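Colleague: Chain residues, written in single-letter form:
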Amino acid sequence: MAEVLDFHAFPDVQGRFGRFGGSYVAETLMAPLAALTEAYLRLRKDPAFIAELDRDLVHYVGRPSPIYFAERLTRHVGGARIVLKREDLNHTGAHKINNTVGQALVARYMGKTRIIAETGAGQHGVASATVAARLGLKCVVYMGATDIERQKINVYRMKMLGAEVVPVTSGSQTLKDALNEAMRDWVTNVADTYYIIGTVAGPHPYPMMVRDFNAIVGREARAQMLAEYGRLPDVLTACVGGGSNAMGLFYEFLNDRDVRIVGAEAGGDGTAPGHHAASLSLGRPGVLHGNRTYVLCDDNGQITETHSVSAGLDYPGVGPEHAFLKDAGRAEYVGVTDEEALAAFHLLAHTEGILPALESSHAVAQAIKLAREYPKDGIVLCNLSGRGDKDVHTIAAREGVRI
Amino acid sequence: MTNPESRIPNPNRIDTRFAHLKANHRAGLIPFITAGDPAPAHTVALMHALVAAGADAIELGVPFSDPMADGPVIQHASERAIANGVGLADVLGWVHAFRERDSDTPVVLMGYLNPVEIHGYERFAQEAAAAGVDGVLLVDCPLEESAVLAPLRAAGLHQILLAAPTTAPERLASLCQAANGFLYYVSFAGITGAASLSVGDIAARVADVRAHAAAPVAVGFGVRDGESARAIAQFADAVVIGSALVDRLAGATTVADVTQRATAFLAPIRAALDRPR
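Top line first, the protein sequences correspond to chains X and S. With the numbering used here, the residue at position 350 of the first sequence is 353, and numbering never jumps. With the numbering used here, the residue at position 3 of the second sequence is 63, and numbering never jumps.
It is worth saying that the hints were derived from the structure and are not from the lab. Quick caveat: nothing in here was measured; it's all calculated off a predicted structure. Each hint should be verified, as a subset may be incorrect.
[Unchecked claim] Example chain X residues on the side facing chain S (calculated, C-beta under 10 Å, incomplete):
| # | residue |
| --- | --- |
| 1 | ALA34 |
| 2 | PRO170 |
| 3 | GLY174 |
| 4 | LYS179 |
| 5 | ASN183 |
| 6 | ARG187 |
| 7 | THR191 |
| 8 | ARG225 |
| 9 | PRO288 |
All C-beta atoms in this analysis are idealised placements derived from N, C-alpha and C, irrespective of residue type, glycine included.
Please take these sequences and the hints and turn them into a complete structure.
Modeller: Here's what the structure looks like:
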């Protein structure tokens, strides 16, 4: 592909990031998507909307989140300095709230009274239920029956926040199926309903809008690096399922060509189909959930089931902008296995007193690998996208502990 | 390198059939079935049975793992077919087999883009045309994204476009202009197999579509029996029936059973459509 001069010039008006992205949806959704695009492009320049969003991010979400030098972890690894962007300290415990606060405001400005969302690990569902409660909007969350079983705490949290959690029993009963079902709900109830997609996937304008709402992560982190270290990091890393926290961190740095960018995908427990969720590392270009991107599918084009120890990375597609960054050579994507993520989870807990989400543990594991590649005065900036409280049961069960 | 005459495409069966229907003042009846459901061995026999019971064209669903626009009935049919190992190559093989005994009835493949994308657009276009497919309706490929389908059009296949109640007027005009074969009007904003129809509303919208479209208009989504089909046929060129038929076929275990169910379902609808006004 031609050399990209400005990575901030994407997507184009049709939502394309090079050959990826677009709006691959049924005709019925074309009008609602056009209306959403129009509203969002207007609102993102509207001073009243911007001021309200900024207030919410400070006073409700708790921004800015700090960057934190993980000194004991760094010493343990014995390589470059590992700095963590602490998205785990946000209200509701992950970066997901950056997006839901923004989209809920869009919903309110568009006059919608009902919010729907899909969720895998439950973090996006909780973040959606949270903002719906705050704005007094009805909230329905679609969640795969398999995920409901492995994320009971988040299911209960959503219910306490007043949301209705609808189990999805079609297909593989995980995140992708929840997304299908939410899309079906939206098609049917589009007059009063706003669909908050939780990641940088889906049809245009979602990949752009979700990225924009999460881009505050990278904007803060870049300024914090310059203020506290007087320089940019050598390398960024973040976990990539759909890729919203990674896009959030990476975006502000895309035109800083000296900053290397590495995304950590779910390597699961093997490279055979069904054993991982590494769409970029092991998939191929295809069309899923309204956009062209890298997908995991068989030779008949059927989307294959995925596996990851973390429900939030267990997705057979990935945001189209990541596909574009991979093909443009601007970012690298590598698999991190379940075992590596679990080891990183324990190491961060013991050395820093931080329990990372299992999703974020993939990024920590990758940060550890990268730190070993760089000299001691180098800096690896790792997005600690969420906290691990929700995963305590999963880890205990895996390790044979009854609690 | 080729005989120049072989480059002149035959008229597409869809066009021929709609011209014939129009000349005879008849409404078209287009049943939808999911290829490979209830069982792979049933599909070709089922297609012949549908034609015998009065189908003017057949929509053959290509199973996909993530049928975003479909309701539970067609989702489950898709899941059953995939569980039986059905892929695009099988579907093309069945169309080819169907053509051994039926060279007139148009066949439209209906499905989602990813199986075609993975198969390869050029390869799919050649194989589909060779098998005897006449049109392709890809639910998640709107007009704006249709550039990738150029090889299909070059091979003489019609891309069937959808219009919906939510389609804005300017967009409707461009859809009507681009439509070939027929324009598939989705009678309500929702998934397949849901809701009931308000015939008056649909009539008004279809009148709008017909004012713009040179191509015939088929109406689908929510048509389930003879009376609803007949009501739609008052103002549409053809009626599509999907979920209600697929639901009726589910659970059939033998070819005799499935063809008998198809006939019992479709023949009364044909009769209702043909009943003099």
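Colleague: If any of the earlier hints don't hold here, list their numbers in rising order.
Modeller: As far as the earlier hints go, 2, 8 are violated by this structure, in ascending order.
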